[in-house]
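Chemist: Fit the two chains together into the complex; they arrive one by one in their own frames, and the hints show the way.
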Amino acid sequence: DVKVTQSSRYLVKRTGEKVFLECVQDMDHENMFWYRQDPGLGLRLIYFSYDVKMKEKGDIPEGYSVSREKKERFSLILESASTNQTSMYLCASRLWGTEAFFGQGTRLTVV
Amino acid sequence: AQSVTQPDIHITVSEGASLELRCNYSYGATPYLFWYVQSPGQGLQLLLKYFSGDTLVQGIKGFEAEFKRSQSSFNLRKPSVHWSDAAEYFCAVGAQGAQKLVFGQGTRLTINP
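Residue numbers (the numbering used here), protein chains in the order written: chain A, 1 to 111; chain B, 1 to 113.
I should point out that these hints are in silico values taken from the structure, not numbers from a laboratory.
Computed from a prediction, not measured in an experiment: that's the story for all the values here.
Hints may be right or wrong, so weigh each one.
[Said to hold, decoys possible] Covered by chain A, according to a simulated footprint, are these stretches of chain B (three or more residues, beta-carbon under 8 Å):
(1) 39-51
(2) 104-112
[Claimed, not checked] Only pairs whose alpha carbons sit at most 25 Å apart, straight line, appear in this in silico PhoX-like list of lysine-lysine:
(3) A:Lys70 x A:Lys3
(4) A:Lys3 x B:Lys61
(5) B:Lys49 x A:Lys3
Heads up, the beta-carbon is just placed ideally off N, CA and C, and yes, glycines get one too.
Excised from the complex, chain B in its bound form (with noise of 0.2 Å):
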């Protein structure tokens, strides 16, 4: 059964500061990949995805995440964060030919000015 961890429940960062956001995935095959962030009270919007093909995969608002066959991750990157990215990110998994997405637990990202 696929099965997908965010190991950090709440992260805080400096303005300006570096960010990596964790996920390591459980899937037999070559999975389909998600990060989705979700400001306070809405849905979730996706930030980026990976299906196949360059394993750094670019997103919107600066975003970056890597996938690593051999660590079962794709954590997320930004080199500078803004106030603005205060929210919660999920990562998902998916797997070809299946309706569904797997999701992980969430982490929370605080942003200090």
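The following block holds chain A by itself, in its conformation from the complex (with noise of 0.2 Å):
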């Protein structure tokens, strides 16, 4: 069975720190993805990246950057987090032309 992993479901961060979302698919996908969730707004693109080292911005990028490293892992880094930060992170991948597999989620609470 295809598999997307966050490494955390939940996180409460103080503001200011450095956060570092990490996101590991076994599929050998070439495109990933981070998605902002928030209530009533649906799933915004933060970046994606369609191969090792390489990265576009999405919709939403301010405040946040990734790393693309090794195929199968896609990180999300906030370089200083901030209280209008706290959502849902989303981290998916896909082939060219498929369906996308989510990961379960990491609720992040900035305070």
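Modeler: What follows is the structure, encoded as structure tokens:
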């Protein structure tokens, strides 16, 4: 069975901290994504990557960066966490032209 | 640019009743279309997908969806809902050759006993 695993289900961080959200997929997918989910706003794309060390900005990249050093791993970095980054973060991966597979989500609270 | 609209933010139906969730998309060519379901606190699970061919698509858990090009719609249906269908449902559109999917705002489904 295909699997996308996010390192944490719940995180609580302080304002100004550097935060790392990790995502690993075992399907050899080229494309990986980070979405943010907020009530009434659906899923908004933060960043995506189509190959190792390649990345592209999504719709809301401000305040975030990403890293993809290996094909199976895609990290989302909050350089200096702020309270408005409190949200549910979803990682996904897909092959070209197929459906996306999602991780279970990380609920981040910044206090 | 691609966009997806789910006009209903919240729908309530009685257990055993039929269900239709609406999805309208904006895209120039033939899109790839998806419906996902999300249970509380969980990730998204694929219900069904449309790439080409038969415009009526069957999915898991008894769901189906119909692609109507003339109406730019991909509505999700189920003849008889169960209490376990209470969840949030997302419609998504992708383009051939493009990496990313665009999601609608979601429709939250509540089931009355």
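Chemist: Taking the hints in turn, state whether each one holds.
Modeler: The hints, checked one at a time:
no.	hint	verdict
1	39-51	holds (count 8)
2	104-112	holds (count 3)
3	A:Lys70 x A:Lys3	16 Å, holds
4	A:Lys3 x B:Lys61	20 Å, holds
5	B:Lys49 x A:Lys3	19 Å, holds
Comparing the model with each numbered hint stated earlier shows that all of them hold.
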